[in-house]
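Peer 1: Sequence:
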Amino acid sequence: MMLEYELVLSAYLLSIGIYGLITSRNMVRAVMCLEHILNAVNINFVTFSDLFDSRQLK
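The sequence shown maps to residues 4 to 61 in this note's numbering.
Don't read these hints as lab results, they were simulated from the structure. Glycine included, every Cβ here is placed at the ideal spot set by N, Cα and C. Mixed in with the good hints, there may be bad ones.
Claimed, not checked - Quick list of the computed label-pair ranges, beta carbon to beta carbon:
(1) 31 <-> 56: 38 to 46 angstroms
(2) 51 <-> 21: 39 to 47 angstroms
(3) 48 <-> 19: 13 to 21 angstroms
Go ahead and model the full structure; you've got the sequences and the hints to work with.
Peer 2: Okay, here's the thing in structure tokens:
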């Protein structure tokens with residue numbers, strides 16, 4: 004159940020970051036939107052590392 008929430012949050016952050024990166028004219032705002040994209044990627048890494056146990060990958 005929490006997997007869906009985390010993936011929706013990650014997709015939401017990714018879409019906000021991409022939209023902001025495309026439409027921003029200010030460099031500081033573009034870097035902030037890039038941080039949203041990187042946070043979405045990190046949330047995905049944490050979610051899938053929790054889903055797939057390291058013993059299952061061997």
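Peer 1: If a hint holds in the structure, say so; if it does not, say that too.
Peer 2: Against the structure, the hints come out as follows:
no., hint, in the structure
1, 31 <-> 56: 38 to 46 angstroms, "40 angstroms, holds"
2, 51 <-> 21: 39 to 47 angstroms, "20 angstroms, violated"
3, 48 <-> 19: 13 to 21 angstroms, "18 angstroms, holds"
Hint violations for this structure: number 2 only, all remaining hints satisfied.
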